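Protein chains: 2
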Amino acid sequence: MIMKEKITVGLVGFGKRGKSLLKNILIPMTSMDIEIKGVCDLYEDRARFAADYVRDAIGIEPFCTTDYRDITSMDGLDAVIIMSAWESHIPVALDAMKSGKYVGFEVGGGYSLDDCWKLVHVSEDTGMPCMLFENCCYGRREMMVLNMVKLGIFGDIMHCSGGYHHDLRREISTGEENRHYRLRNYLNRNCENYPTHELGPIAQVLDINKGNRMISLTSSSSRSQGLHDYIIANKGADSPLAGVTFAQGDVVTTTIKCAKGQTIVLTLDTTLPRAYSRGFTVHGTKGMYAEDTDSIFIDGVHNSFDVKWKEQWGNASQYEEEYDHPVWKEYKKQVVGGHEGMDWLVFRAFVESVKAGTQTPIDVYDTAALMCISALSEESIACGSIPVPIPDFTNGRWMERHDSIQSK
Amino acid sequence: MIMKEKITVGLVGFGKRGKSLLKNILIPMTSMDIEIKGVCDLYEDRARFAADYVRDAIGIEPFCTTDYRDITSMDGLDAVIIMSAWESHIPVALDAMKSGKYVGFEVGGGYSLDDCWKLVHVSEDTGMPCMLFENCCYGRREMMVLNMVKLGIFGDIMHCSGGYHHDLRREISTGEENRHYRLRNYLNRNCENYPTHELGPIAQVLDINKGNRMISLTSSSSRSQGLHDYIIANKGADSPLAGVTFAQGDVVTTTIKCAKGQTIVLTLDTTLPRAYSRGFTVHGTKGMYAEDTDSIFIDGVHNSFDVKWKEQWGNASQYEEEYDHPVWKEYKKQVVGGHEGMDWLVFRAFVESVKAGTQTPIDVYDTAALMCISALSEESIACGSIPVPIPDFTNGRWMERHDSIQSK
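From first to last, the protein sequence lines stand for chains A and B.
Each residue of the first sequence is one higher than the last, beginning at 1 in our numbering.
Each residue of the second sequence is one higher than the last, beginning at 1 in our numbering.
Everything labelled a hint here was simulated from the structure, so no lab data went into it.
Quantities reported herein were computed from a predicted structural model and do not represent experimental measurements.
Please note that the accuracy of each hint is not assured.
The list treats identical chains as interchangeable, and a pair is accepted whether it falls inside one copy or across any two copies.
Below, in silico cross-link-like pairs of lysine-lysine (BS3-like), each with a Cα-Cα straight-line distance of 25 Å or less [what the hints assert, rightly or not]:
1) K19 <-> K37
2) K355 <-> K19
3) K332 <-> K308
4) K4 <-> K260
Model the full assembly from the supplied sequences, consistent with the hints where possible.
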């Protein structure tokens with residue numbers, strides 16, 4: 001297959017995230033190798049905004065619609081990029097693959113195993129790749145730690161943890177006026193609703209779908225209190241949301257077991273006050289990394305009983321020169337703009353795959369495995385934290401699959 | 001009841017921990033209000049060492065035996081203090097209570113629910129208190145955070161975590177020559193074998209047995225690799241332990257649910273390289289504390305999106321002057337010696353209870369609730385991480401019980 005010089009894309013979804021990606025990632029890429037042929041949002045004002053924004057930025061007005069099927073069925077499109085509400089990712093993706101288009105979509109959890117299987121089946125049947133834009137897989141620290149893991153610095157990895165520790169009380173409680181999908185999800189569901197930061201990077205560390213797989217999980221939820229208290233304190237007892245009951249517990253802990261004996265602990269922690277963290281931790285037989293202290297411990301270099309361990313807080317930066325991932329070393333050379341590195345890198349990886357006509361680095365099996373955690377967590381919590389099996393979306397091929405996403 | 005000026009004690013168990021407590025805590029207390037009447041260890045050399053040590057230190061040689069029943073049945077003893085192997089804590093405690101003596105014993109997990117219930121029944125039948133010496137309940141930071149929780153600084157507490165993150169590979173792998181009980185436990189069992197640091201302090205934060213209780217848990221274990229690799233690297237492939245299989249997984253994650261809707265995550269992490277931590281975290285609707293960064297986040301004082309959060313690492317020390325627990329403020333005035341504050345304080349609390357003839361601050365219900373986690377974790381892991389119920393050792397009285405251990 002001949003490498004394309006430029007690809008044509010249709011974009012779906014222009015809420016806060018979609019607008020930000022349009023401005024910071026997609027418009028800048030039009031001067032490189034993408035052509036924005038169509039834009040869509042369920043809300044006309046958002047679709048219109050996007051069309052106008054593209055026209056003002058590059059002088060060409062894209063096709064504009066409120067029906068995503070106009071985009072997925074559009075002739076001459078190479079790829080559809082989906083940045084809309086969580087619930088729409090899979091339906092839009094299925095339609096786009098059926099129309100022979102590459103699909104990339106923003107992160108979010110799945111709602112049922114059935115939806116995740118459909119993603120796999122349609123991708124297999126159509127031969128079209130489908131990539132979750134898990135930007136944290138391209139985070140600088142995540143990639144450095146992955147690089148160190150692959151070099152054996154931490155030994156055999158036995159345990160990883162991560163989470164989405166992000167105070168979203170304001171965003172959720174203004175969901176009505178901002179038409180934000182999180183509100184309805186927090187009102188109605190109780191689960192690990194946003195597992196893929198930091199499960200994406202952990203899946204790479206543990207070779208998930210490439211020699212290892214996740215086999216089961218248990219999930220437990222605290223009760224819901226943070227949003228209610230926030231609404232009373234900030235919007236008053238007369239606010240429309242003051243009397244409602246949120247289904248979503250404040251903290252959800254999910255423990256995953258892997259075929260090769262590792263455990264993964266995921267935490268969803270979005271409705272209590274705190275500083276942002278993804279709580280990334282990788283622990284092996286020779287050392288560990290912990291994001292919260294941004295520190296690296298290497299057996300023999302550091303002393304387990306060193307009472308001055310606090311002096312090592314933040315020491316991970318000392319390892320950047322030697323161990324920054326090749327992708328980041330390259331990126332740092334090229335970059336002049338101010339865009340977030342990991343968003344740029346995850347979109348570049350997708351675009352390069354579409355141009356080359358190759359598989360995406362995060363493929364449909366990875367996408368399904370990461371997204372199914374939400375549905376399974378919901379099931380486990382609903383049934384009193386019972387262990388539930390995690391499907392093998394590769395149907396056994398994980399034992400022989402290779403080529404970890406970032407080893408190339 | 002008249003307050004005793006001095007109490008008589010018999011001591012059982014002089015391994016590493018017993019020797020250290022004898023030297024640093026018990027001998028210094030002989031000049032205050034305790035009299036060491038008897039010492040015991042299963043191993044004659046250790047018992048002899050203790051008797052000689054006491055004689056050399058205070059000029060009076062205590063009764064010395066290798067049979068703990070000689071101590072538990074000894075006339076004129078007020079209390080028996082047990083510092084022996086985990087498996088012996090409950091049998092010795094039961095005998096001592098049956099002989100009308102107060103019992104205090106070192107931390108460790110239980111082996112069966114039956115043993116924990118026996119502790120409760122015998123204490124109820126004999127009227128003799130039984131206290132787990134959970135020293136971390138008296139840690140300075142733990143008490144400061146507890147104080148802040150009781151003052152409402154963190155709002156309603158929704159989630160806590162803690163663990164025993166302590167590289168014990170050397171201690172465990174030299175267990176044969178050092179006659180250490182950990183070795184046989186790591187060879188034969190797979191569970192959260194040491195839950196009470198940090199569950200003790202968390203139980204106080206969450207009012208366990210005093211208005212709240214733990215209702216169920218799930219537990220998951222990684223495979224065992226760290227000890228094997230350590231033994232091969234440090235003792236060679238010919239070492240007697242090189243070929244054995246350790247039952248104990250490297251990292252065990254246990255998630256506990258409480259009657260009032262909180263969750264607790266406990267981690268056992270003792271066979272991989274790392275710096276020591278008890279990973280204490282308390283997260284409420286108004287803020288949080290995290291031991292690993294020794295930091296406090298208070299809603300409204302700190303900004304969730306503050307990109308300079310790293311500058312707040314270690315900020316907990318700024319809260320000491322205002323929020324140090326009264327027990328610690330008092331202790332700091334008195335202390336001149338170099339002994340570990342929390343060991344001193346937990347032993348003082350026990351001795352004061354014996355002198356006054358009152359209930360111990362950590363009572364038999366607390367002791368049973370903390371210890372049962374090991375047995376239940378073992379069951380959950382054995383059955384594929386199923387949720388298992390945690391008994392209500394108070395038989396319903398938790399709803400009306402008050403007086404949290406450190407509120408007096």
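Hints and how they fare:
1. K19 <-> K37: The answer is within: 16 Å in one copy meets 25 Å, while 78 Å across copies does not.
2. K355 <-> K19: Answer is within; shortest intra-copy Cα gap is 24 Å, inter-copy 70 Å.
3. K332 <-> K308: For K332 and K308, the Cα distance is within 25 Å only across copies (22 Å; inside one copy 33 Å).
4. K4 <-> K260: neither (40 Å within a copy, 59 Å between copies)
Violated hint for the displayed structure: number 4, the only one.
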